[in-house]
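For the protein sequence lines, the chains are A and B, in the order given.
Under numbering that gives the first Met the number 0, the first residue of the first sequence carries the number 0, and numbering increases by one thereafter.
Under numbering that gives the first Met the number 0, the first residue of the second sequence carries the number 0, and numbering increases by one thereafter.
Keep in mind the hints are simulated off the structure, nothing from the lab.
These numbers come from a predicted model, not from an experiment.
So these bits of chain B aren't anywhere near chain A, every CB distance computed over 12 Å:
no.: 1; residue: D39
no.: 2; residue: F78
no.: 3; residue: T282
no.: 4; residue: N309
no.: 5; residue: I327
no.: 6; residue: R415
No farther apart than 16 Å at their CA atoms in a straight line, the calculated lysine to aspartate or glutamate pairs in the EDC-like style are these:
no.: 7; chain 1: B; residue 1: K305; chain 2: A; residue 2: D66
no.: 8; chain 1: A; residue 1: K100; chain 2: A; residue 2: E48
no.: 9; chain 1: B; residue 1: K305; chain 2: A; residue 2: E59
no.: 10; chain 1: B; residue 1: K305; chain 2: A; residue 2: D41
no.: 11; chain 1: A; residue 1: K10; chain 2: A; residue 2: D117
no.: 12; chain 1: B; residue 1: K330; chain 2: B; residue 2: E106
One-sided excerpt, in silico: chain A residues whose CB lies under 10 Å from chain B:
no.: 13; residue: V38
no.: 14; residue: F39
no.: 15; residue: D41
no.: 16; residue: K44
no.: 17; residue: S57
no.: 18; residue: E59
no.: 19; residue: V64
no.: 20; residue: D66
For every residue, glycine included, the Cβ atom is placed at its ideal position computed from N, Cα and C.
So you can see what is in the structure, the chains are spelled out below.
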Amino acid sequence: MPFPTDYKYTKEHEWIKADGNNASVGITNHAQESLGDIVFVDLPKPGTEITSGKTFGSVESVKAVSDLYAPVSGTVTEVNGELATAPEKINKDAHSAWMIKITLKDPTQLNSLLSAADYEKFVAEEGGK
Amino acid sequence: MLQAMGARSIDDLFSPIPAEYRLERDLKVPRQMAESEIVDWFRERSRENGESNATFLGAGAYYHYRPVIIDSLISRGEFLTAYTPYQAEISQGTLQAIFEFQTMICELTGMEVANASMYDGSTAAAEAVMMAARLTGRRSVIIARSVHPEYREVLTTYAHHQNLPLSTTSFKDNGRLNLEELERSITPDTACVLIQSPNFLGTIEDADAIADIVHKKGAMLVVSIAEAVSLGIVEPPRQADVIAMEAQSFGVPLGFGGPYCGVIATREQFVRQMPGRLAGQTTDRNGKRGFVLTLATREQHIRREKATSNICTNQALVALMVNVFMTIYGKVGLKELAKQNLAKTAYAAAQFGKHAKILFPGSPRFNEFVVQTSEDPYAINSRILGHKIVGGLPLKKFYPELGNAALWCCTELTTRSAIDTAVGLVAESERSMKSAKEEVDAQEVVR
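Next comes chain A alone, as it looks inside the complex (with noise of 0.2 Å):
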């Protein structure tokens, strides 16, 4: 599955999504195929201000918990709520299958940011060493 050009990504395979001020947040297909079936999403309340390379949340496989980390900082507007009773859609549907939504505080920060062809190269790179 190919990472859509319009995202931006982190090394700890996060994606992001970003409108103007606003952007959606989630995590990679390469992340999902590494962890395995999801069986459970940790993810703040609205209204939590989340910062750039904390973790917001935790998801968790039938083999791990991994932490989730905040590409940017921001303010948490909205969670996916289906991903409570259905968190295999992130395993069918990593892109789309977005976490949270926030509002950007620095929509600078994005700029440090891997692009797709970066990332791809960043996931190529790990799985060779």
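Go by the hints and put chain B onto chain A.
For chain B alone, coordinates are given in the frame of chain A:
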């Protein structure tokens, strides 16, 4: 060995130690004994144990009957040697036993999920409190002063490095929590309120009323149960968010403080913040019923420093004792057992009440009650020990305001003759102290 080290003698080896610090004589240890002498020595010592004594001690460690089949079953090699059953393929028996344990604990407590298990009732209570802090995101805890004082000490230790301020809330003259004070003390930062029921003073709390107050303020209610047998007749605190229990009463022997068997039971929605082992039932590829450890992804062997808890091992063998006990007694047997405890305690409290003051009247109790005397309870205890009776626990060091008070406990193993003897011995001194006091009073009137 000296040769290999290049030392000429033992003295040479110790030469770096200044002469004045060296011991110039033999150590004062007894001479060696033959094995037969050692066996004799220990036999002699074991006769000094008070095994035939009647005991009225409870306070978190209860003397109940242990069916003989418990030790026969847990001594089976498969159980006795089992460690954490990571490999489901070779651990079906252990996993099934754990699953049954959890199921019966849920039935007993009215909760939806239970783990198997924690170290003891105190660590279970502490872990339950940590759970509430994680779930609510709030950072302070209120503990009833009627919770076992040693459980409160364990909590203080736990909270010390967790940046979790603890405060206590008091009890009333009837032994129950002061609800008005409780309501006032809950703040928007209170993660949970921890109570014990039956509490340390033997009183059964009004858990429903407490739950209403706590929930209204958005906090969680953790209920500690130190005497598991009470669940045979006392309504479980179903309104609690977490129940932290000590299951020692169910077939675990009393011995120098352990091992015990802590349990946490909670609602399904909180399962991911519950520490400890959890066995689940599933079906294998051939559709046959099987058991596996489940929800282990938050445990420290997988998540290290981010684990839900660092309580790292379970008490499978001790939990198995509890499991066998619950199976043998069953619903009817447990109820009957609880009734016997209740009846003996009611009789004992009534008898003591004729000669001394029973504190906290008017509230329901299970198998413990507080007796206040004129005589110092330590003095009473050393006096009645001569009659092969272990008296109640003096409460002075925990609750100095109660004066000469002691916590007495009766179980199904307490005989009526032991109760009558103990009451008789306490009554003797109460009468003489009372008449001595009356004499003094009379003299003062004369003056």
